[in-house]
Each structure stands twice: as C-alpha cells, then as structure tokens.
Amino acid sequence: MSDNKELERLKAVSKYLMFDVKKEVGQIAKLAAVITKKPIALVTLMDKDEQIILAGEGINLERMQRATSFCTHALEIDDIIVVEDATKDIRFKNLPSVTGDFNIRFYASANLNSNDGYKIGTLCVYDIKPNQFSAEDKGYLKILAAQVDHILELNRQLSLSVKKNKTLAQVAWVHSHHLRGPLTSVLGMIDLIKLDNYKFNKEYLSLLEKSANQLDEVINQIITDTSN
Numbered sequence: 001m002s003d004n005k006e007l008e009r010l011k012a013v014s015k016y017l018m019f020d021v022k023k024e025v026g027q028i029a030k031l032a033a034v035i036t037k038k039p040i041a042l043v044t045l046m047d048k049d050e051q052i053i054l055a056g057e058g059i060n061l062e063r064m065q066r067a068t069s070f071c072t073h074a075l076e077i078d079d080i081i082v083v084e085d086a087t088k089d090i091r092f093k094n095l096p097s098v099t100g101d102f103n104i105r106f107y108a109s110a111n112l113n114s115n116d117g118y119k120i121g122t123l124c125v126y127d128i129k130p131n132q133f134s135a136e137d138k139g140y141l142k143i144l145a146a147q148v149d150h151i152l153e154l155n156r157q158l159s160l161s162v163k164k165n166k167t168l169a170q171v172a173w174v175h176s177h178h179l180r181g182p183l184t185s186v187l188g189m190i191d192l193i194k195l196d197n198y199k200f201n202k203e204y205l206s207l208l209e210k211s212a213n214q215l216d217e218v219i220n221q222i223i224t225d226t227s228n
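Numbered by UniProt numbering, the letters in the sequence shown go through residues 1 to 228 in order.
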C-alpha cells in the first residue's frame, strides 16, 4: 500500500476510534465465534502502529502491535483470509501469538470497510488448534463484518448529528444577540413615526433602511452558517 493511500486509510480509521461500541460489536464477535465454532473472535481497527480491539470473545485484550498481528496481512487483500495452520505458513509461523502463550494455530478474517471504501480493520476468528473454514463460514463472516460496518457508520453519523445540532444552537444564540440591535432600531423608528402621526421624514426613512439592511445581513449570515 502506498504512503498516500495509507494516510487516507488512517484518516478513515480515526473517524471510528472515538466511539464506545463494545456492547454492540461485542455481540457480533460472540455470534462469529458461535457460528464458526471457533473459541476466539475479535472486532478490531488497524491504526498506524497498533491493532485496536473494540470487542472480543474468548480473549481479553485491548490492543496488539500491528507489525506482529495476523490482521495486518488481511488488509492487503479484498477477500476472506484463512490460515488453517499458522505453524505451516511462512507469514505467520514466527509471530509471538503463534510461538508464545496464546498458541494460535487457526485464523480467519473479513475486512471492515469505511463508508468511503477504506479497509479500517477486521472481524476475525482464531483457534488454538489447526482447523478448517467452509464456504458457508466465509459467507457468515462477511455478513457479520458488514453488520459491524453498519454499526460503526451509524455511530459516526449520530455523532455528526449531535455536533451539528449543538452548532446550530450556538449559531442561534450568537445571532439572536446580533438581531436584537437592528431589530430594536427598526421598532424604535416605527414608534417615532407613530408619535409624529406617520408624517414623512427622510431621516426616519434613512434610519429604517439602514436597520433593515443590517437585519438582512444577519439573516443571510444565519442561512450561510446553518446550511454548512
């Protein structure tokens, strides 16, 4: 992957790192483990140097080093990756999770994708003994990974919505103060005209026009601010 593409991918990852979705995606991790009959399942996002674990089943981890993770290889391909026996695969046989206490032998994963098409992480399953993965298992894993995609994107959209509503409230508060000045002037001029028995007065008309123009400017600014 080129440096520019990786930078764009990392930007995409950052959009989803701020949400606590452990409960929602944790259920999907559990479902992945049950359906594929594998003891370990993880939902992860791949950051620059670390694999961030959003939720897991059968193992309690928060992060792993990207350089020594199975899933860093998964980001290089578009399809499901399956490793039936890691000790016989040159890409994985020397990883700490294979040679160390975790004793991982089997691995399969489906990529998670951002709304703009970047591979941001994985839904993966592991076993401590060599195993197989049927075409049906692959199909289920893809479906579950797509559900994780939907959950992550939904949380991002909800967050944007909340921020926009807060911004709109702030805009309304600021502009309400800006509106009061010219509006008070308009009302004052109307009162003066009433007191003068509605007689034509160029000075009143000029002041009214000035206040009306100020109101128009503020209203246009509100429209601009709230439409962005």
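Since the hints were derived computationally from the structure, they do not count as laboratory data. Errors might be hidden in some of the hints.
To be verified - No more than 25 Å apart at the CA atoms, straight line, and that leaves these computed lysine to aspartate or glutamate pairs for DMTMM-like:
1) Lys93 to Asp20
2) Lys30 to Asp3
3) Lys138 to Asp116
4) Lys23 to Glu6
5) Lys142 to Glu76
6) Lys15 to Glu76
7) Lys88 to Asp116
8) Lys37 to Asp79
9) Lys37 to Asp101
10) Lys129 to Asp47
11) Lys37 to Asp137
12) Lys119 to Asp137
13) Lys142 to Asp101
14) Lys138 to Asp85
15) Lys88 to Asp78
16) Lys129 to Glu57
17) Lys37 to Glu6
18) Lys37 to Asp85
19) Lys15 to Glu136
20) Lys119 to Asp78
21) Lys30 to Glu8
22) Lys11 to Asp47
Do the hints match the structure? See the list:
In summary, the hint linking Lys93 to Asp20 is not supported, as the alpha carbons are separated by about 33 Å, beyond the 25 Å threshold. The suggested pairing of Lys30 with Asp3 is violated, with an alpha-carbon distance near 35 Å, which exceeds 25 Å. Restraint check for Lys138 and Asp116: satisfied, since their Cα atoms lie roughly 23 Å apart, inside the 25 Å limit. With a C-alpha separation of about 29 Å, the suggested pairing of Lys23 with Glu6 is violated against the 25 Å cut-off.
A C-alpha spacing of about 16 Å is found between Lys142 and Glu76, which places the hinted pair at or below 25 Å, so the restraint holds. Restraint check: the Cα-Cα separation between Lys15 and Glu76 comes to about 21 Å, which is no more than 25 Å; the hinted pair holds. Distance hint between Lys88 and Asp116 is unfulfilled; the C-alpha atoms sit about 36 Å from each other, more than 25 Å. A hinted pair counts as satisfied when its Cα atoms are at most 25 Å apart, and Lys37 with Asp79 qualifies at roughly 20 Å.
Of the pairs offered as hints, the one joining Lys37 and Asp101 holds, with about 21 Å between alpha carbons and a cut-off of 25 Å not exceeded. The suggested pairing of Lys129 with Asp47 is violated, with an alpha-carbon distance near 28 Å, which exceeds 25 Å. At roughly 9 Å between alpha-carbon atoms, Lys37 and Asp137 fall within 25 Å of each other, so this suggested pair holds. A hinted pair counts as satisfied when its Cα atoms are at most 25 Å apart, and Lys119 with Asp137 qualifies at roughly 21 Å.
Proximity of Lys142 to Asp101 is assessed by CA-CA distance (about 29 Å); at most 25 Å being required, the pair is judged violated. For the suggested pair Lys138 and Asp85, the alpha carbons sit about 17 Å apart, so the restraint of at most 25 Å is met. For the proposed pair Lys88 and Asp78, the alpha carbon gap of about 23 Å is at most 25 Å, so the pair holds. Restraint check for Lys129 and Glu57: satisfied, since their Cα atoms lie roughly 17 Å apart, inside the 25 Å limit.
For the proposed pair Lys37 and Glu6, the alpha carbon gap of about 34 Å is over 25 Å, so the pair is violated. With a C-alpha separation of about 16 Å, the suggested pairing of Lys37 with Asp85 holds against the 25 Å cut-off. Only pairs whose Cα atoms come within 25 Å are accepted, and Lys15 paired with Glu136 is rejected, the gap being roughly 32 Å. Restraint check for Lys119 and Asp78: the C-alpha separation of about 9 Å stays at or below 25 Å, so the hint holds.
Taken as a hint, the Lys30 and Glu8 pair is broken in the structure, with Cα atoms around 31 Å apart against an allowance of 25 Å. Straight-line distance between C-alpha atoms of Lys11 and Asp47 comes to about 9 Å, which keeps the hinted pair within the 25 Å bound.
Going through the hint list in order, the structure does not satisfy hints 1, 2, 4, 7, 10, 13, 17, 19 and 21.
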